[in-house]
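S.K.: For chain A, the structure is supplied; the task is to place chain B on it using the hints.
Number of protein chains: 2
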Amino acid sequence: MKVEVVAIGTELLLGQIVDTNSSWIGEQLALAGLDSHYQTKVGDNPARIEAVLNIALARSDAVICCGGLGPTQDDLTRNVLASVMGVALERDDAIEARIRSMFASRGRTMPENNLSQAMVPVGARVMDQQPGTAPGLVCPVGEKVIYAVPGVPYEMKEMIDGTVIPDLTARAGHTAVIRSRILRTWGTSESALAEMLAERIDQLDTSGNPTLAFLASGVEGLKVRITAKAPVETEAVGMLDREEAVLREILGDIVFGVDDQNMEAVIVAMLAERSLTVAVAESVTGGYVSGRLCAVPGASQVFQGGVVAYQPEVKFDLLGVEEGPVVTEGAALAMAHGVRRALKADIGLATTGVAGPDEAEGKPVGTVCLAVAGSMAERAVTIRLPGDRERIRQFSTITLLDLLRKELPAGELV
Amino acid sequence: MKVEVVAIGTELLLGQIVDTNSSWIGEQLALAGLDSHYQTKVGDNPARIEAVLNIALARSDAVICCGGLGPTQDDLTRNVLASVMGVALERDDAIEARIRSMFASRGRTMPENNLSQAMVPVGARVMDQQPGTAPGLVCPVGEKVIYAVPGVPYEMKEMIDGTVIPDLTARAGHTAVIRSRILRTWGTSESALAEMLAERIDQLDTSGNPTLAFLASGVEGLKVRITAKAPVETEAVGMLDREEAVLREILGDIVFGVDDQNMEAVIVAMLAERSLTVAVAESVTGGYVSGRLCAVPGASQVFQGGVVAYQPEVKFDLLGVEEGPVVTEGAALAMAHGVRRALKADIGLATTGVAGPDEAEGKPVGTVCLAVAGSMAERAVTIRLPGDRERIRQFSTITLLDLLRKELPAGELV
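Just so you know, the protein sequences line up as chains A and B, in that order.
Following our numbering, the numbering of the first sequence begins with 1 at its first residue and continues without gaps.
Following our numbering, the numbering of the second sequence begins with 1 at its first residue and continues without gaps.
Treat the hints with caution; some may be incorrect.
Which copy? The list can't say, so a pair holds if one copy fits it or any two copies do.
Okay, derived cross-link-like pairs now, EDC-like style, lysine to aspartate or glutamate, Cα gap no bigger than 16 Å in a straight line [to be verified]:
1. Lys223 / Asp74
2. Lys344 / Glu313
3. Lys157 / Asp388
Derived by calculation from the structure, the hints in this document are not laboratory data.
For reference, chain A alone in the conformation it holds in the complex (with noise of 0.2 Å):
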């Protein structure tokens, strides 16, 4: 079963956004045992799109074309579909009313080009899935099918997983499973890994199954990806279990979550499981830490609030630090120890810094402080990180919850 990606849009081609999408795709054919051999980025000209879209069926089995369904002038797949068909659009009553619908219940007024949304070619199926106004469409070409799919990442996502592999996978007549699964790790470096994993995947190539794969994701870590493919899924999850094991033994404690567990939702539960709260002072992140803390959900079981002490006298007037230089570890203990108890938490995190891009305190950029406070003990830090104002502020976020979440475990802090 041969699939490729046809992404649509000019602005892919002026290099005005980076297509991701494809990429995302094409990892996800890849896991699911399809072969993908291209992948083709055209622009909103309906005469290219049906070119480009005629050599892929012409060497392929399945072309999965993304974007250009939006209600807009320049959104042409939905006719550009019709026309490599042989037939016609016509308008689809559930889908209009679907769009009306969501317009009415937010108490806006649906402007009528939204309707053109509605325009599904003769024989084609929409998708279950309908993140959005834009319908993805399954159209079938003699014995081959295009799947359309919205360029707006969340939505195509969602149709990915929910219809296209799966019907890929039936179409090809899979029998055996691919099972893939990611550990996360925090703390080293992509060689320090590669080496640490060395003997590890040399012994794996004699089999080639499971096998394993470095992915660097830089904020969100580095991450190993073990697959395994087997007759059945309890097989194949049951070669991931042995094989995550025997990372985890090499690995140590660089490991702090598997799959989609970030390290918030990591430290959310570890404090949940203890039924500790937290509260955090921020300066250089600026907000950083308490966001990452709240986008997980349950956050307010365990999540107090904090302060943004951007300004020194917010540290002063609010935390309680003393007057003088910011960017020390004893500030950042002050600042921890200080949010801990203004907004009565078990725990106070801090950290102070200088992101750029002038250097402060006569301290270069990138140089912060991290702190960790509990009533009975504390933890301070001072980290250099490379990178410009946004890598530094990011980095030092996750560095502060990777130091509380190697602290929890002791039970010392409270």
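M.R.: Frame of chain A; chain B shown alone:
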């Protein structure tokens, strides 16, 4: 002159690397006034690379082929180029000597397979730029041309700037310049925006220059891109200026910025211009508003700090909100005034609402109250947002900043 881009590498298809090279090249082509209608990704397979190059040569005048020039077995571009050109490969003594001396100067032994990089199709020209071991090649194919550059971004960029773009513009024999500008908007739907601009787009369709396009950018709002083509840069920029003025007349105050200017940068600039400071009290957004403001270099000029009042008690204790329901405009206003006073800022901003997963105080998920308060005036609104927790928090953040953007010009807050 039609130019297209072919990126070579199985890792691109598997989604292990996002193809940012093609995006960058597309941007350079557009800036040089060269048409670019297609970009293709293909894996490390000689037959498929050759097929893709032949398709590209048939529909374009020039092809930029990126990747597959390294020394390993899956670097196949040289061989395929020779095949497409119908010539043999021959060893280039100058390249061989250069590669040998590069290794020698680093005190490293040269693996023999590196010499494969000295093999050049007969009739191809080696590019002058040689930042790495892989040579860039200019390969004539009849009247057309293929440029082969390495996939390593800094090597690729040096060759594109130094050889490919100058060679292409010389071949094109014209000096047309394409320039584009983006107007960023907030506060309307994509379809409503399209309706506002429909008449103008129809007018422009007659000449086809400049053109307009919409780019939906989620929480960054909707963008309108103007693209103009002219013999010289000043004329293209003049067209952009005139079209921007026409569009601003039509769109009014939904336009908040131009090109890379995001909402927080606009807010920081507006506050700095008026010598005003701001403080933020956040519940539902949990730090996102502060986080975005601090992301702007120079934020310290206007941003005092904030209180993340996630638990109701923090709202009562630190911000002086009256005990009672907290998802109300009254609570939002009390929070805004409370943080303004506590942090000694001119203006206070506040968010309180229900991000889900569960409803709160009898209000459905997505209900958010936003407030802007100064010593002389205040403003609060209640909005209903669709989507998940993260989307609700992100949309609340930019909507609050947009509310301040619209209140500031009247000058009545302080």
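S.K.: All hints are to be evaluated individually against the structure, with a verdict given for each.
M.R.: Here's how the hints hold up against the structure:
{"no.": "1", "hint": "Lys223 / Asp74", "verdict": "between (38 Å within a copy, 14 Å between copies)"}
{"no.": "2", "hint": "Lys344 / Glu313", "verdict": "between (21 Å within a copy, 9 Å between copies)"}
{"no.": "3", "hint": "Lys157 / Asp388", "verdict": "between (31 Å within a copy, 15 Å between copies)"}
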